[in-house]
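J.: Going down the list, the protein sequences come from chains A and B. Per our numbering, the first sequence starts with residue 1, numbered consecutively. Per our numbering, the second sequence starts with residue 1, numbered consecutively.
In short, the hints are calculated from the structure, not lab data. Heads up, the beta-carbon is just placed ideally off N, CA and C, and yes, glycines get one too. Take these hints with a grain of salt, some might be off.
Simulated pairs of lysine-lysine, PhoX-like, Cα-Cα distance not exceeding 20 Å [as the list claims (entries may be wrong)]:
no., chain 1, residue 1, chain 2, residue 2
1, B, Lys-41, B, Lys-55
2, B, Lys-20, B, Lys-55
3, B, Lys-14, A, Lys-96
4, B, Lys-104, A, Lys-3
5, A, Lys-52, A, Lys-69
6, B, Lys-104, A, Lys-52
7, B, Lys-41, A, Lys-106
DEER-style ranges, computed between Cβ atoms [stated by the list, open to error]:
no., chain 1, residue 1, chain 2, residue 2, range
8, A, Lys-52, B, Leu-116, 45 to 55 Å
9, A, Ser-28, B, Ser-5, 30 to 40 Å
10, A, Ala-109, B, Ser-9, 40 to 50 Å
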Amino acid sequence: DAKTTQPTSMDCAEGRAANLPCNHSTISGNEYVYWYRQIHSQGPQYIIHGLKNNETNEMASLIITEDRKSSTLILPHATLRDTAVYYCISTSGTYKYIFGTGTRLKVLA
Amino acid sequence: GAVVSQHPSWVICKSGTSVKIECRSLDFQATTMFWYRQFPKQSLMLMATSNEGSKATYEQGVEKDKFLINHASLTLSTLTVTSAHPEDSSFYICSAGTGTGNGKLFFGSGTQLSVL
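With the rest of the complex left out, here is chain A (with noise of 0.2 Å):
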């Protein structure tokens, strides 16, 4: 599966939009994009995910280029509570998630 990279870390003020960036230039054509965060000494929890059309869903936008080489996953009002580390993941759908270091977003008052 497809190695990805991401800032280590960002910050967003509270009520604008968190726009966190992935890069996935090796991704092959039958691999999905997976968003994933973690709050402290909790699982993983699933945000979204995509293959090469953009997904909307209650929590966030993913957004995937045309070449599909990166995506970004938008917050669209930041709360407290989105503190957490976020992970992009790419998946040609054998499970084997293979974790990269994740972006530690932090949310400010």
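Please arrange chain B on chain A, whose structure you already have, making use of the hints.
T.: Below, chain B without anything else, positioned relative to chain A:
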């Protein structure tokens, strides 16, 4: 959505004893489950793939005799840390997929193990 239950949430044990951690898929059957460990301020590291009815597949560097995995049913996998030592203290997390083919995993809430 699918729920993965992990128990216990935390455990403290003496050095040399064994500890068992359970991972259950509550509303779906999981032929494959995964076990991770996580040290403070680090990412999740895949330890092993648990296969129902067969031997687990361990990642390189993970001692199979140290971390015993049993996946005896389609809804339960267990991880036993044998002869635990302080360096085994870590956060252990399990996960499972529903088998729909899109690769979505559901994670347990994790178990914090502290070995004294």
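J.: Work down the list of hints and note, for each, if the structure agrees.
T.: Checked hints:
no.	hint	verdict
1	B:Lys-41 - B:Lys-55	31 Å, violated
2	B:Lys-20 - B:Lys-55	17 Å, holds
3	B:Lys-14 - A:Lys-96	32 Å, violated
4	B:Lys-104 - A:Lys-3	17 Å, holds
5	A:Lys-52 - A:Lys-69	10 Å, holds
6	B:Lys-104 - A:Lys-52	16 Å, holds
7	B:Lys-41 - A:Lys-106	14 Å, holds
8	A:Lys-52 - B:Leu-116: 45 to 55 Å	51 Å, holds
9	A:Ser-28 - B:Ser-5: 30 to 40 Å	33 Å, holds
10	A:Ala-109 - B:Ser-9: 40 to 50 Å	29 Å, violated
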